[in-house]
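K.L.:
Letter by letter, the chains look like this.
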Amino acid sequence: MRRLYIHPLLLRIWHWTNAVGFILLTLTGIQIRYVDLFNVVSFRTAVILHYWVGFIIIGNFFIWLLLHLFTKEARNYHAELNPVKMFKGCLEQIIYYGYGIFKGFPNPFHLTKEHKFNPLQALTYQIVMLVFVPLQCITGVLLWDIARFAKVIDVLGGVRVVDTVHVLIFTVIACYIPFHAYLATLGRTPMEHIKAMVTGYEEVEDDAPEHDEKA
Amino acid sequence: MADREIQLMAMHRPKNQAGQRQAGLVSIVAALLTVAIIALTAPASALSPDDAKCLSCHQTAGMEKPLANGESLSLHIAGDKFAGSVHGMFGCAACHSDIDVAKHPGDAKPIASKRAFSIGRAQVCATCHTDQATQWSHGVHAALVRDGNPIAPVCTSCHSPHAVMKGAAQAMETVPCKTCHSDIFDAYATSIHGTLRAAGITQAPLCYSCHGAHDIKVPTAGAGLKDTCFGCHKDAVAKHQIWLPNTQLHFTVISCPACHSPTAHRKVDLMLRNSETKEDAVRPIGVPEFQGSPDGAAGDKGLDPATLFTLMQTLNRTGVKNKTSIKGMLEVSSGVEAHKIAAASEAIKNCATCHKAGSAAFQSVTISVAGSGGVPVHYGITKDVLHSAFSIPSIGGFYAMGATRITLLDVLLVLGLLVGIGIPALHLTIRWLASRPTDKPGKPDSADQDKKEG
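If you read the protein sequences in the order shown, they are chains B and E. 232 is the number of the first residue of the first sequence in the working numbering; add one for each residue after it. 1004 is the number of the first residue of the second sequence in the working numbering; add one for each residue after it.
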């Protein structure tokens, strides 16, 4: 086994900031929406905390964006423009998770410096980071100061519409995060990928190629 | 117009004036004695001999005139009060110039009713009190009069013309508003405003302070209430911003008494309004739910979410120029409760009072349109509109976190969490079952196969 440095420091800081932020946003968001069921801190504290953490997550999103606009990290997100190839890769991965993993079949994906995400991961992360997170940030900012953004909110159909979008995206993210956390435990050991997101190093087979064969 | 015809006061002789018909010395002596009594009891500077002449008859207790509708109009004037009133110095003829003394009371014209007489006399008041009359004509009282409301006040309803005293409307004891609005005045009198006013603090508002003196406005119409309160409480925004997130939003959708009358019953009023002008819309024509008398019923009666959705789609169908939207406001349920303002320390500050499911504030809902003089006219609508997915486009502009959440979104969230947690849990369970030592020999070691997940 040898170690492959694939998670730069800035990316790791971004990831764990996001992780803590998402948990706080989830908890405070649930209290704001369901204070009758979940009441840990005062309502006002929950709201203020939700605002502050929300802005940290927005700032964090831009760190992620800049990192991927100006470093080689972007190659992990390069969209597979051939739909047949993309769906074939995703399907292989789904079959592996849904069947092969139980039978002990090998993972069809092999990690390299250029591609650290399997096709399903790459597609999911692109949708999450380029659609859901920005939409959640935008609707969050609008809801942060409804009076200030009244005209924009009116154009969008009103605060109820904006809130509905915010809650729907939260529902998707709330559904996605347990999947993400669980899939992260499917390494050789449950903590392998989680440790890698702390140290930056993934362990690969000695004979595994460091770079893409095309690279 | 009949009202104009009745401007000339037609007076009948009092019933008990038989003695005055007697000729000769007795009547002359009686008249002289009456004038002398008036001259002695009234301020000499206030009443002229001509006025005394009028009062020689009109000071007679019980003097009245039967009207066409069967009512009786009192013609009795308390001379001392008139003399002491602000009108006393002008004398009778200033307002009753239409009376020809030479022919009076012989040329008395019939009067239809007390109401018609009062409305007609308002034009006489307007000859001197031009500004006040103009202001009145722009107010809600005038709008109600124009609509034929039989009790909406005109000048003489609030100002007894023969006993007008300066400052009467500025004292709690004599303010005329409480004649009709007694229940509201009683609520006011026990409020922080009324208590301070009664203690002699003149900065504390009385009726006219918020509602105007003649151009009576309904503060709840439009943004009026906020502006009215801010007229004195100029630092209200700054004080709320210290602790209240989204202060401006709260000020836009919540009326001040909703929090500052802590014992009041609250309700949501959904106001139909013109999307362009932002003014309250008038009653939609041809919509069954807005026909007949509004009863302001709230709770389980009235429009349901699907009907409201259809209504809004109809009002905003393609080709309609003036689009209609709904502005929601959290208000107190009655004018009486709006006046029960408590001290600031007693105001509602706990966010969860409103921002939770089942909050009392969201159990009553009305839908309103603009009525006479801007007074909202309320119709019933079910509280389900606050929680229905149909309402997303219908009342997109009103939403209270936690309290008016859409039930369908709650269901979706629960499903999302079940999927998000349930599938990984199921997957983990199957992996555990598949990797048990009892597995058939020859099965590959899965731990050696996993490469990269996450």
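The hints are simulated quantities; they were obtained by calculation from the structure and are not laboratory data. Warning: the hint list may mix true and false statements.
As a list, the in silico DSS-like pairs of lysine-lysine whose alpha-carbon atoms are at most 27 angstroms apart [said to hold, decoys possible]: (1) E:K1181 x B:K382; (2) B:K382 x E:K1326; (3) E:K1220 x E:K1084; (4) E:K1084 x B:K382; (5) E:K1281 x E:K1220; (6) E:K1330 x E:K1229; (7) E:K1242 x E:K1324; (8) B:K382 x E:K1117; (9) B:K319 x B:K347; (10) B:K303 x B:K319; (11) B:K382 x E:K1324; (12) B:K382 x E:K1330; (13) E:K1237 x E:K1326; (14) E:K1084 x E:K1181; (15) B:K382 x E:K1112; (16) B:K347 x B:K334; (17) E:K1242 x E:K1181; (18) E:K1237 x E:K1056; (19) B:K382 x B:K344; (20) E:K1106 x E:K1056.
K.L.:
Against this structure, judge whether each hint is valid.
P.N.:
Hints, one by one, checked against the model:
1. E:K1181 x B:K382: Given pair K1181 (chain E), K382 (chain B) is violated - Cα atoms ~42 angstroms apart, limit 27 angstroms.
2. B:K382 x E:K1326: Holds. K382 (chain B) to K1326 (chain E) sits at ~16 angstroms (cutoff 27 angstroms).
3. E:K1220 x E:K1084: violated (31 angstroms)
4. E:K1084 x B:K382: violated (59 angstroms)
5. E:K1281 x E:K1220: holds (18 angstroms)
6. E:K1330 x E:K1229: Holds: K1330 (chain E) and K1229 (chain E) sit about 16 angstroms apart, inside 27 angstroms.
7. E:K1242 x E:K1324: Measuring from Cα to Cα gives roughly 42 angstroms; hence the hint is violated.
8. B:K382 x E:K1117: The hint is violated at about 53 angstroms.
9. B:K319 x B:K347: Judged against 27 angstroms, a Cα distance of about 18 angstroms means the pair holds.
10. B:K303 x B:K319: holds (25 angstroms)
11. B:K382 x E:K1324: holds (20 angstroms)
12. B:K382 x E:K1330: holds (14 angstroms)
13. E:K1237 x E:K1326: Roughly 35 angstroms between the alpha carbons, so the hint for K1237 (chain E) and K1326 (chain E) is violated.
14. E:K1084 x E:K1181: holds (21 angstroms)
15. B:K382 x E:K1112: violated (62 angstroms)
16. B:K347 x B:K334: Judged against 27 angstroms, a Cα distance of about 24 angstroms means the pair holds.
17. E:K1242 x E:K1181: violated (33 angstroms)
18. E:K1237 x E:K1056: Not satisfied, since the Cα-Cα distance of roughly 55 angstroms exceeds 27 angstroms.
19. B:K382 x B:K344: violated (46 angstroms)
20. E:K1106 x E:K1056: Holds - the C-alpha atoms of K1056 (chain E) and K1106 (chain E) are around 14 angstroms apart, at most 27 angstroms.
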